[in-house]
Every structure is written in structure tokens, then in C-alpha cells.
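Student: Below are the chains, spelled out letter by letter.
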Amino acid sequence: MDVAAWVRAGAAVLEQERDRLNRLDADIGDGDHGANMTRGFKAAAERVASGAPAADALRTVGMTLLSTVGGAAGPLYGSFFIGLAGGLRDVSDADADVWATALEAATAAVQRRGKAEPGDKTMVDALVPARDALRGAAAGASLQEALQAAADAAQKGAEATVPLLARKGRASYLGERSIGHQDPGATSTALLLQALAATADEQ
Amino acid sequence: MDVAAWVRAGAAVLEQERDRLNRLDADIGDGDHGANMTRGFKAAAERVASGAPAADALRTVGMTLLSTVGGAAGPLYGSFFIGLAGGLRDVSDADADVWATALEAATAAVQRRGKAEPGDKTMVDALVPARDALRGAAAGASLQEALQAAADAAQKGAEATVPLLARKGRASYLGERSIGHQDPGATSTALLLQALAATADEQ
Amino acid sequence: MKKLINDPEAVVSEALEGIAAAHPDTLRVSFDPAYIARADGPVRGKVGILSGGGSGHEPLHGGFVGRGMLDVACPGAVFTSPTPDQMLAATQAVDGGAGVLHIVKNYTGDVMNFETAAELAETEVVSVLVDDDVAVQDSTYTAGRRGVGATVLVEKIAGAAAEAGRPLAEVAALARRVDENARSMGMALTSCTVPHVGTPTFELAEDEMEIGIGIHGEPGRERVELEPADKIVDRLLEPILSDLPFSSGDRVLAFVNGMGGTPLIELYIVYRRVAQVLGERGLKIERNLVGNFITSLEMAGTSITLLKLDDELVQLWDAPVDTTALRWGV
Amino acid sequence: MKKLINDPEAVVSEALEGIAAAHPDTLRVSFDPAYIARADGPVRGKVGILSGGGSGHEPLHGGFVGRGMLDVACPGAVFTSPTPDQMLAATQAVDGGAGVLHIVKNYTGDVMNFETAAELAETEVVSVLVDDDVAVQDSTYTAGRRGVGATVLVEKIAGAAAEAGRPLAEVAALARRVDENARSMGMALTSCTVPHVGTPTFELAEDEMEIGIGIHGEPGRERVELEPADKIVDRLLEPILSDLPFSSGDRVLAFVNGMGGTPLIELYIVYRRVAQVLGERGLKIERNLVGNFITSLEMAGTSITLLKLDDELVQLWDAPVDTTALRWGV
Ligand SMILES: Nc1ncnc2c1ncn2[C@@H]1O[C@H](COP(=O)(O)OP(=O)(O)O)[C@@H](O)[C@H]1O
Ligand SMILES: Nc1ncnc2c1ncn2[C@@H]1O[C@H](COP(=O)(O)OP(=O)(O)O)[C@@H](O)[C@H]1O
Ligand SMILES: [Mg+2]
Ligand SMILES: [Mg+2]
Ligand SMILES: [Mg+2]
Ligand SMILES: [Mg+2]
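Protein chains in written order, with my numbering: chain X, 5 to 207; chain U, 5 to 207; chain L, 664 to 993; chain H, 664 to 993.
Just so you know, nobody snuck in bad clues.
Now the in silico label distances, taken between C-beta atoms and shown as ranges: (1) H:Glu901 <-> L:Asp670: 21 to 31 angstroms; (2) U:Ala53 <-> H:Glu901: 56 to 66 angstroms; (3) H:Val887 <-> X:Glu19: 29 to 39 angstroms; (4) L:Arg950 <-> H:Gln978: 31 to 41 angstroms; (5) L:Asp897 <-> H:Met664: 16 to 26 angstroms; (6) H:Val887 <-> U:Pro122: 31 to 41 angstroms; (7) H:Gly828 <-> L:Ser905: 47 to 57 angstroms; (8) H:Asp973 <-> L:Glu890: 50 to 60 angstroms.
If you are wondering where the hints come from, they were derived from the structure by calculation, not from laboratory data. Each residue gets a CB set at the ideal place from its N, CA and C atoms; glycine is no exception.
Generate the whole structure from the sequences, applying the supplied hints.
Tutor: This is the structure we're talking about:
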């Protein structure tokens, strides 16, 4: 898995979906999620070199996001990538099982930082089903297949945030008015995991 | 001539034409001429009692305009009415000739205050032809007819400001761009003289 | 989008260059990571006061850096929390040996970024959350109340306490006391446009206003038909007055804030009604502040903050302050 | 029209009530005729400084009433010159026996109303015209240049001279010197709406701006396509710099003013470019002022004023001033 390729693919899809993410965030937040993520992944893509050990590269991504994204997404995605890095440390050729463990660690890190539970209408609603899907597929599938399963679960999870009432982050200020909108953070998580699966596919 | 009736008629027509005067002023000034004149004549109409000697009433109107209109129009119309008052002082039953003299004095007062000449695209372009028409008609006509001639001349004079380049007041800042618009002050002068003629007609 | 900017992505950095050029004697600007510090800092033995948050709320926070208020401000991207590396560097820059107070507006992003910075700081750091916005339901099922107008008051009073040589724990306790005794609510007549987004954050019809707006153009509590200023003030004051609750005889600081696009003349019309209503309720306005101090770019609107005063708070409020946006007693 | 007002006709009087309520210790407000005076005036033996003009430019002029600046301000209706009765009463109210200076922005209406007042005043009155706007052709065939940004500088410096006990003739001469050595030009990104008119004074398309705008929403010099801030600054500076002319080695005060609806963050982007260009030209910015000081209601835009300094002007600029909008040294 070439982390640099993933990050470049992630940066590209975020750039492409920037306005949609901003609009989703404008509906229930402050309209900057697309801008924040694009800024962060552009910086990360510039800083991560192809061929570096995955754990090092992921840590660099996490630190870069932490210092460039800002807002709620910055520390959360920062924790996510630093968590992934932890799970992949000292592993030279990570298989689906290793990635499943890493995604567990990353999801836990996000939840530690943000204190969100599934159902709170946050990125956790994409992460948790992805984590579970990856673990479920890890035993019998290739890394690519397992990551695709995770990405699909994240996508479903993101879509399933529409009817939820937000309990965390800026959207929670809206109370009932947050219902009926898809969470931007869950959406960006699904996009990034889709980019991960696609990157694994190319290799 | 009942000055109070004239002022009430003037207040009414200004109120009615308020937005048009504002718009004319917005084109080449700051868009407040209708508001300024309405404010002033409303106050004047409240303060002038029917039946008071014409000179006293006109003086009250002038002082009221001076302290309520503001802007360029305030001192100019203030001077105008105080000038009229001067011309009608000690005259119990003013005929067309007396009014012609009074309008000469009033026009001179406006020009003393504002230093505008005919052709500068100001209210003077309505006043001067009105003054001349009134003097011309005074000999052979009734007061009403003479005032109507003055009002018509003022109206023509106001319309004739359209092609002029403004040399006085706020419109002068526009230079060439002031061409093609009718001067708001000349327009309000025509309206007021029309109200004067109509008031004389009723009596 | 009509703005006096060059590159939407460079708004904050170019404004920082302008600030550095305009105030070289009093402010020291770091560009990477970005912060605005007192030129004469760190002050030996004084608690350092740090605040920060998204840009676009100017003069908050950078306009409040100076003697008697903040030692340093960390500006994030427009409407986006700054990042831990900024806060870390800024903390270090103003550490005079007596610890550093972090004044954090209660937004998930700000809280998490400040938390991360505090975890990594080697200096002694105490964080105080500002959460005075009564428009937001304060429950365990939300992110809690937002920090709005009271932030200015917390920064002034904590800054005065630090300037007076009070230790970190006392300064933090005072900051918390201000937050606990302050309540705010805001409204918007128009939306605003984040430069790097390019379109208005929300849309309001010509006859609508948004009540309970935050300072980021987040949707507010309710959208209602436009009303006269007095009615709007009454709408904002009611939840503020009943929340603390303020009661007859209380001494208060009344802060009428403009959201950026509202002319000062209108803010005084708002203040007029605030003074009327508080007078009727028997509250005594001992201090006031009227102006654009915590804004949302070009948004038209206002927020009202009431702070219950006591002698100590009055004395700290009155203490000298020398910043670009608040200055007295110097 | 979306405004925080009650009655469009009562905007000025209600704002005056708010000002009176907010600043009872420092300001004395008269409602009929309307003026805002120093609470501690008239100051015996001191030249009284009076200014006034249409409302809607706040903080000008009322925000500049106080020690070291104006003794009294006469607010007209929005964007409309005040009337002679106000100026007369205000002149009398601040007459400390040393005469009164009238600071008059060069607009036909203001000039004529002030003239009338000066004719009627029993006090010794000297009037100084401010006419710094290079956007307007200065010829005998026009009303001459408008008074814009320099008004703030004239008021500050004349106020300091009066406070220092200088006689009327000297104070007037200093005021004229400031006007003669100051040049300004402004631009608008958006129009503004006079409350009692109710519709925008002019219309600008989403991609247009008006260069050479006055402070009343009068149409400007030209309407051009929107440009980046740096280009706009260059456009404004060119006629300013060449008009005086300013030349290399000159010491200047650079004043970047917001028209009301432009966020402070953008004004600093403007200042950044001003500092760059003046630096390239060899001009030394010795003092500066950045903020919303002479506004046009909610208009978005900026004006730039340069004042050529000498030691005496610097010293008077630095002298203590204690008003709601400008305060230092006290
Ligand atoms: N406590 C939290 N835990 C997990 N995710 C959160 C939390 N708070 C917010 N988020 C996520 O962050 C997203 C918003 O990110 P962003 O718009 O970049 O930050 P901000 O809200 O500060 O503007 C939300 O859509 C949500 O998915
Ligand atoms: N010097 C002058 N002499 C005569 N009339 C003038 C002069 N200057 C302006 N006016 C008149 O005043 C009118 C504008 O009045 P108004 O809009 O009420 O004042 P302001 O220009 O101060 O806003 C112009 O249309 C013009 O007719
Ligand atoms: Mg957001
Ligand atoms: Mg006008
Ligand atoms: Mg944000
Ligand atoms: Mg006017």
C-alpha cells in the first residue's frame, strides 16, 4: 500500500468534492468542511513521499492534517492517521488483517478525541461500520476486497446519517433542524476510504 | 393668497413625488432630495397657520425649512421663502406685480446663497425663467394667470436641465456623467410653483 | 463574492502582513506558525494570556493583544479553529515563567485543537472555556453552548488580572467567573461569505432574519420575519435575562456588539432599547461597550451580552488596557 | 431594506438617545436642536471645536467628541447636512470665550448651512473647509473637492491644538495645514441604503466596483470591473500620490478607512499594500490609522488618506485624545 498514492487520490477527490462538502457543512454547520479538508490534504500530499514506510508516511499525514486543517476535522483526522500509523508500525507488508487492526486503533483514537458515539451524526458513523466491515472481510478476502468492503460500509454509514439528530460538533446546535442532512465529516470519511480501496486496487 | 394653503399643497405634492425626487437625486446626487423636502414641508405645514399675514407666514416657512431640510436645499429654499417674505412685507393684498417683485427678491436670495447661474443645472434653472415669466405676465394678467405662467416656465426650465452639465452642488462631482438627468432641485421648484398657481386658482 | 482581497487562500496571511506593517512597535507577528504577540513580551513573572480562534471575527482576537489584555492571539483560517502547532509556539512565546492561560471559545474544533496543544505544552497551561450563548441548548446531548460575546469580557478581565501579577489559578478562576456570570445572544440580518468558500454561508430572504446566530454563520435558533429593532432587542434579552437569572438590583456590564456589517448608528439604537429594558427591570448598567468587537465578517446583525458585575470585576474592567481595539487608562 | 431600526425617520434621534444612555459621564446630548457635546464643556479659555455633517458616517463626528478632539458634533439627518440652528446652539454651548472653530466638509449643503450659522453667531467663529478628495475635479466649474478622510485628521489635530491652549487663528491655521497636506480617495464594492429612502443609493453588479466614491453614496469617478485588493490600492494611491505631490523622503500618516461594511481583516490587506507601495516610493509611514472611522452606513469599500507630516503635526497627532472612537494617551 503506497500511502502517498492514497493521499494524492484523497486530495484529488476532496478537491473535486470540495463544494459539495462545503454545502453539506453549510446546511448544518459553517460551510467550511470541504475547504478545510482540501487545504489539509493538499499539504499532506506535498509532504508525503512515495515509497516511505507506511507508518512513517501516515504519521506525517496525521501531523500535517493536525497543523493545517483546523476546526473539528483537523484533530480528528489527525488522530485518525496517527492511529493508523500506530497500527501499521513495524509491519513491512500489511495485509487485510493488519489494516483491520489499524482501522480499529484509528477509530478508537477518533472516538477518544471527539467523544462521539455511533448515531451522533459524525464521521464516527462512517468509521465504525467501515471498521467492522474490514474486520469481517479480513479473514477471507484480499486487502483490496476487504478495503472495498470497508469503503462501501462507510458510504452506507454516511448516507445513514441523514435522518439522525446531531449530538456532537457544530451541527448539534441545530437540534431538530439537523435532521434531514448528510453529515459532511462522515461523507469525507467515505470518500477517503473509497480512495484507499481504489489505491489498493491499482497495486 | 393663503400661504398656509400653498404650503399644505406643496407638502402634499412633495410627499407624492418624494420617491421620484429621491430617484432623480440618486442619479446625480445622493438620493435624498425628496426625503429632505418632504421632511421640511411637513414641518412647515404644521407650523404655518391659515390667515396669518403672508409675509409672516412665508418667513416662518423659510425659517422652518432652514432648520429642518438640511443639505443644499435647506438654506436655498430657506433663502427663497425669506426672500419672498421680504417682497411681500407690508402688502395687504398682493397682486401679480407684487408677486413678481417678491419672486425677483427670492431668486436673488437663492443666487446670493448658492452662487449658481442659469445653466449650472440647479433650481436656479427653474427659478429664473419663472421669475421672468411672472414679470412678463404681471402687467396684463390676473395673479392666478401670472403664477400659472411662472409655474409653466419653471416646469420647462426644469425639463431643460436634462442636457446640462452640473457645475454646482453634489451633481457637479459627476462631470460629464451628470448630463442626461433632470435636476431634482429644479424639479421640486417647478412642483412648488405649480402648487402656488393651483392654490391661487382656488381662491 | 465582493471582497477587498487578493487570493482567497491568502486572506489571513496577507492580513497578518498588514498588521505587522501597521503595528511594529506594539505587536510581533509570527507567520508560520501564525500568531500575534505583544512586542514587549514575554513579561517575566506574569501569567501569559493566550486566545485564538478562526479568523473573520476581527478585532477578536488579534486586536486585543497588548498590555492589560492578551499576550498572544492565534488566528485560524477564516471561521476555522487554529491548529495545535500555532498554540504550542504561541504558548512558548508568551511564557514568562508563571504559566499560560488558554481562553477557548466552546466549539468542538477549538476545544480539540486547544486540548491537543495543552497536552503537548511543556509550560503550565490552564484552559478556560467560554460558553455564554443562550441561543444554544446546554445539554449533555449537544456540544454545549458556544462562546460568543463574553469572550471579549473574559479576555479583558483575565488580562487585567494577569497584568496585576495575579497567579495562574486566580486568573483562571476570574476568567471562569466572567464566563459564568455572562450571557449572550445574537441575530443576523444578512449572511456572510467565507472567502475560500465564495458563496454566502446561508441565505436569508429580504424579509427574514435569523435569531440565535453564532459567530460563524451557523444557522441560528429560528428564522423569523424581520421586526423593528426594539422587538429584536426584546427577543434577544428575554432568554439572556431569564437564563442567569439576572434580577432587580443587579449591577451589569451591557455589551452591544455589531456582527461587522451593521453601522454604529444602528448599534446605538439597539443600546437605547437595552438601556430601557434593563432600566425597567431594575438592573443597573454600570459599564457598557458598544461597537464591532466580535464579528462575523460582513454579516449585518448584533449580539447582546450581559455580565453581572461585582466590585472586583468592575475594577479589572476599568484597569488600563492598551490594544488596537480596546484602549483606556494608558 | 434590512436594518436594526424602528422608524426610518427616527434613526438619528433614537441613536442619539442610545449615545446619551451609553456615555452619560463623558457626553452631553441635546436633542432639539441636536448636538453631542463634551460633558465637561465649555472649557474656559479654550477654543471650541465644532464639526458636523450628515449622519450615517459614524463614528464621525459624534464618536470624536471628547478631550483632545471635538467639543461638539452636529448630526444631520442621514447623509444630509445639519441645519444652522443646530450649529448655532452648539457654537454657543462650547464657547469658552476663545472663539469656536467650525470644521466643515466641502459639500454645498454643509457649506451653506455652516455659512448661515456663522453669519448668525454672536461668538467669534472661524470656518475651515476640508476638501481632500482627489477623485473630484477641483475647478471653478465644480463645487470643488469633497471632504472625506482628512476630516478625521483635521479634527484630531485641531482638537489637540485647542486643548494645548493655542488661539483660534493658530488652531484654524493648523486645521488648514492638515487639509492642504492631506489627499484621499475611496472606492465602493457595494452601495448603501439611506433609511428614510429605503432603496440602495446606487446599484453595482456582482462584478463591478465604483472608484472615487464619496461618503454619501454619490456616484464615483468611474465604474470598473472588480479587481484584486492590491490593484485597487494602486488605483487609489496613484492620484493621491501625484496630486500633492508626495515625494521620496516625505514623512506621512497613512489612514486606511473602511466604509462601514468591510471587515477589518480586509482593511489590513489594504494596509499591507499601502505600506508596500509607499515603501517602494521612499515615503516613510510615521503614523497610521486602520479602521472604520468615516463610513457610509453599511457600504463595503475603503478609502485611503495620506497626510504629509512634520514634527508639529506628529506631536499634535500623538497628543492625548479621549473620545469613544479614538483614544490614546489618557
Ligand atoms: N466530536 C466529534 N467527533 C467526531 N466527529 C466530529 C465531532 N465533531 C465534529 N465532527 C465531525 O466534523 C465535521 C465538521 O468538520 P469541519 O467542518 O471541518 O469543522 P468545524 O465544525 O470546526 O467547522 C462534522 O461533519 C463531523 O463529522
Ligand atoms: N449652489 C447651488 N445653487 C442652487 N441650487 C443648488 C446649489 N447646489 C445644489 N443646488 C440644488 O440642490 C439640489 C439638491 O438638494 P438636496 O439633494 O436636498 O441636497 P444635497 O445635495 O445636500 O443632498 C440640487 O438638485 C440643486 O437643484
Ligand atoms: Mg465546518
Ligand atoms: Mg441630495
Ligand atoms: Mg469551521
Ligand atoms: Mg444630501
